[in-house]
Amino acid sequence: MRRNAWRVLRPLLSRLGQAGLVALLVGCIGFALMHALPGDQAFRLAAERYGPDMVDARAAAAMRAELGLDRPLAVQLLEWLGRVLRLDLGRSLVTGEPVIEELRVQIGYTALLAGTALPLSALIGLPLGIVAGLWRGRWPDHAVLGLSVLLRAVPAYALGLALMVLLSVRLRWLPPGGFEGWAELVLPSLTLALGLAAVSSRVARESVAAVAASPVLVFARWKGLSERDAVRRHGLRNAAIPVLAVLGLQLIGLVEGILIVETLFGWPGIGHALVHAIFARDVPLVQGSALIMGLGVVLLNAAVDFACLLIDPRRGRQEA
Amino acid sequence: MSGLAFGRRHAALPRARLAGAVLLLLLLGFGLLGPWLIEADPARQDLTASLAPPGARFLLGADHLGRSMLARLAHAVRLSFLLSGLTVAAAGLLGTVLGLLAAWEGGWLDRGLSLLADTVLALPGLLLVLLVIAFAPGQILPLACGIALALWVEFFRVTRAQARSLLARPHVEAARLLGFGRAYILRHLILPELAPILLTLAGFGIGGVILTIATLSFISIGLRPPTAELGGMTSEMLPYLAEAPFQALLPSLFVALAVLACHLLAGGRPR
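Protein chains in written order, with this note's numbering: chain A, 29 to 348; chain B, 770 to 1040.
Chain A extracted, bound-state conformation (with noise of 0.2 Å):
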């Protein structure tokens, strides 16, 4: 029991270990951009919340006074840091409203967005993945093959436009961009879901074209059960284990996709913020963003971990 406890929690432990890292890293040059930013540090946040005529040595003064800036660095880093592990992130420099007030809104939209793409994803990639696994060699094969690579060498942000000048411009089923109803959302999630199938794809073939070979499907028809049966209860279960921790992979690719496709179709999540507060050079925004699509990140794949043991125990008895 005490080690069944254990296989569980050592994944979440070290997932854990990540997050904590992810905060350091993200922090540390969170609190360095703060301090690239050109200038006196009062001054220009004195000019970005009040407008540039209203700054003088008193509003400045009053700016550093208000954010301690005149302490020395090491303190600050550490009380940054601080602010950063308790999730505080501060206010935006553009807006004054809390960053994670403005983040809120935009995880939603990027939350929807990514929902459609990845089971779209994978109503694309595994059928195909799986056709291809079991014509292994043959046309089939090759044909999704040749597509894969292809999708992978295209940039995402192409394949949005060919998509936008085909669907919106051309044929003009679609908007091209912005969010007001469902329709938008069809032409993101469709670029997003295109990239991720290309490699979905190519992990369900590898792993479909393995189970097919494997001694356990055969031992399966021999011990009697049809074929309906040895696939649904042996060849899915097996073929599920690698697509699954692939899955974990997908993640950091759905996280770029996620950039590119939001600033391209203009939708206004995460990514499109992060993007945003680079140009204006919103620190915390950026801080802010990249944080929270970082533990992100490191939370979903907490949950593949887990997925993967649930179906593979296996996977837990060999690392204890």
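I should point out that these hints are in silico values taken from the structure, not numbers from a laboratory. In this text, a Cβ means the ideal position worked out from N, Cα and C, and glycines have one as well. Check before you lean on any hint, since a few could be wrong.
Said to hold, decoys possible - Among the chain B residues that face chain A by a calculated CB cut under 8 Å, a handful are: (1) T888; (2) L895; (3) L899; (4) T984; (5) A1025; (6) V1028; (7) H1032.
Chain B: place on chain A using the hints.
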């Protein structure tokens, strides 16, 4: 050095590799010779020829400011390959040296470097690159540094793992016991075994970096417009997407071809 022979296992590979090599040579030739051979100045504007279709005067058409697409593409391809080559070389050298050091020394140095690598890996690569770029958006140095910072880890981890298992092999242990120096063992026993793997990593790395640079320039936080850059060119042409989709999407075709060439040459069997 037998390490330059890429092919290892797959019998069907050479064809894909050959195709990749030919494509890469064509692109490199276009990027390196193009800027010398093509008379047109990539920055010269001719507003009467705005969005001119491909024809006798502009072989590949002109962009919205009437600049020759052909000349701009040649310069952009050169920039992409140079920048990605330099970045990957820097990251590869750093990662390999640190990986060898970690494998050879072990102890706290190994643990420290591995922790550093884990820290960098905890964050998705593009996110790290964006954070570094935030120091000075639109400039080359933070862009290259950010990418190299995210990329060295891959070389470090592979080199460390490989070198550790190599160092424990009997023939290497024998050479160490016989008193051969580190430089000798490194040159004759370790590096020849590492080279093919590192070259494969570098190939995929260059493809990935070309893609990253184009993507970041497309969202205007990589290199900025007056520079002819593959992603930036598409970004500049975005308002004219409906009128001139050919000119707007042509630079992306070159990105795709460059990435495809790198992938084919390096892997032959991308998963």
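Now the hints, each set against the structure:
1. T888: holds (5 Å)
2. L895: holds (4 Å)
3. L899: Since chain A brings a Cβ to about 6 Å from L899/B, closer than 8 Å, the hint holds.
4. T984: Where the cut-off is 8 Å and the nearest Cβ of chain A is about 6 Å from T984/B, the hint holds.
5. A1025: holds (5 Å)
6. V1028: It holds, given that the least Cβ distance between V1028/B and chain A is near 4 Å, below 8 Å.
7. H1032: holds (6 Å)
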